[in-house]
Amino acid sequence: MNSGERVTFGKFLMLLPMLILLAMFFTSVVTLFSNAFVERGGFSFKYFQQIIDRPDYHVVFYRTVLSSILVAILAVLFSYPIALLLWRANTWRNMLLIVVLVPWLVSLVVRTYGWIIILGPKGFINAFLGWLGVIETPLKLMFNDIGIIIGLTHVLVPFAVISILSSLLSIEENLEEASRVLGASSLETFRRVVFPLSLPGVFTALMVLYLGSVGAIVTPLLLGGITEKFVGTQIHSEVMSSFNMSKAAAWSLCLLALSFVSLVIIKLIERRALRGQE
Amino acid sequence: MNVHLSSTIQTSDGADGSIDVNAVSKSYGSVEVLSSVNLAIAAGTFVTLLGPSGCGKTTLLRLIAGFIEPTQGHIQINGVDVSGVPTQKRPIGMVFQNLALFPHFSVAENIAYGLKIKKVAADEIDRRVARFIGLVGLDGMGDRRISQLSGGQKQRVALARSLVLEPSILLLDEPLSALDMQLRRQLQIALKDIQRKLKTTFVFVTHDQEEATILSDTVVVMGDGKVQQVGTPQDIYSNPNNLFVSKFIGELNEIKGRVTASGRDLTLETEVGPLTLPASAAQGFTPRAGDEVVVCLRPEHLHVAAPDAPANGSVALAGQITDCLVSGPLTHMGIQTGRTILSSVMMTQAGNAALPSASPCKVLFDPAHARVFAPLSDRLAKAFGEQP
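Protein chains in written order, with this note's numbering: chain A, 1 to 278; chain B, 1001 to 1388.
Everything hinted at is true.
Partial list, computed: chain A residues near chain B (C-beta under 7 Å):
#, residue
1, ASN174
2, GLU177
3, ALA178
4, ARG180
5, VAL181
6, GLY183
7, ALA184
8, PRO196
9, LEU197
From the derived model, a few chain A residues whose C-beta atoms are all more than 10 Å from chain B:
#, residue
10, VAL7
11, LYS11
12, VAL29
13, GLY41
14, GLN49
15, PRO55
16, GLY133
17, LYS140
18, SER167
19, GLU228
20, SER246
21, LEU258
22, VAL264
Since the hints were made in silico from the structure, they are not lab data. Using N, Cα and C, we set each Cβ at its ideal position, and we do this for glycine too.
Start from the sequences and build out the full structure, keeping to the hints where you can.
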């Protein structure tokens, strides 16, 4: 900090919202710790031991992580062309951006119910395929991993579009023209210039999407059914049905640790991929 | 490498590197940015497109580059019509105003870009890149990141990146405009030097008339979407076609007036009083009695003398010195003459410095140096930010 700079009351005031947020975060983490290790008034590892011992709990973690990786990748694959289109559409960009963001105006629960209408046993897709005669019995598109992945991808796509678009928009003007003057076709220009420079946005998207998916509750709850549990839905049912706060806290801490480890891994991959880029 | 380069120089001496712009117009909706431009650029020359912002010079450059297609007319490069030919297939290089260097590549990778696209062998790429890094004076900086370079160094990378492909034509869109004066001078000299060595056709866009004068073999003055005049810098300075060109290049005294009679001599009633000039002073149009005109005189053609000095065939105007600045070899003077103040530049002579303000004097000029032009059209006047 500049030695001549003084911490005035005004500056402190600007810092205040962040301090409140930090305080809330740490309070909740401390509460989690104190709940997770306490059983009947005494110190206990019981619920952590449970997670380590029970194979059906392992499956919940595997499902959450693998589905989230898939969701992050799928959503980025869907979002990249949309972001490219928005980037190209100079005059229509803001209009189209609203179209991308409009689902946010509808509650998450309503959107997810929309998917039930489309994916359900008597939903749009099954009805259409049945009418075509392609299938005789309805495909199982929900109350399983497929439903969760489709639902989460849909929910998270706008985040990815915004992240990738902002990266594309920060590409300096004329770089594409410069590449073409140097003899590159549009495709080569994309491969050698546009895509590498959009990678920071792609990685931010992957990170946000993965974290958003790992912690998801509503979508897995509605589209995943009873048996196909996510870590988030497990915590939800411990709190809302079993009222077992200690178990919920133990699961939450595991989720927190998992997110943190994943974050570090994604950052390491990003650094490798962007080596040489400033 | 040397063999390759010298063969390029030989072909550049022919039609390789020539540009012909034939009746090209470019409109965006109802706005015509270029109207019916004709221009022939000879191979191996340094040509400047000069004009105020909005005159269409950058549009013309982008048309040559193929980023946009003309609304009417066509462009030939090396004698071949390039209508519909995409940018990447045109034999051109370009240096952009913002340079457009690839931030994710090093200096050497930036310069190698075009060669990699052309699938030149790796060792050949290395040799050529090394040579052009040397040519633009960036030895030892090949591994630097673009963000580690100064403004001038970035210019040199942009130049090398284009030149390494040995295009027959290099387009430069005000590449020096962001630099400070001193660096600008250095790079102007470097540019001119490189152009002479490679004999590549350089088409350089600028709004800086001094830059145009220093660099170019040929200056193309543009205004209001049209070519106003083409010529050597000296030619354009001494024999401007019209008031626009005259005003745009160098300092100018403008005396507004009205023609009272025309014949072998032109008689005018002006801001500085009645003037009689040879009819040849009016170029490009024939003034008739009653026409509004502008008499133009360069400051170096106005000679300030004592009130009783003999005229000796010059036109003489009585005036009063308003200010007198001696800067080394040159003396700049302002002289109140009639309703206007004329400026004069003369070689400093002993006694000049002593000229007191408000002292009466006589302004003398050779009538052969006077130019009479029609006033600027409203649209051209707007280019100078003047009220019509």
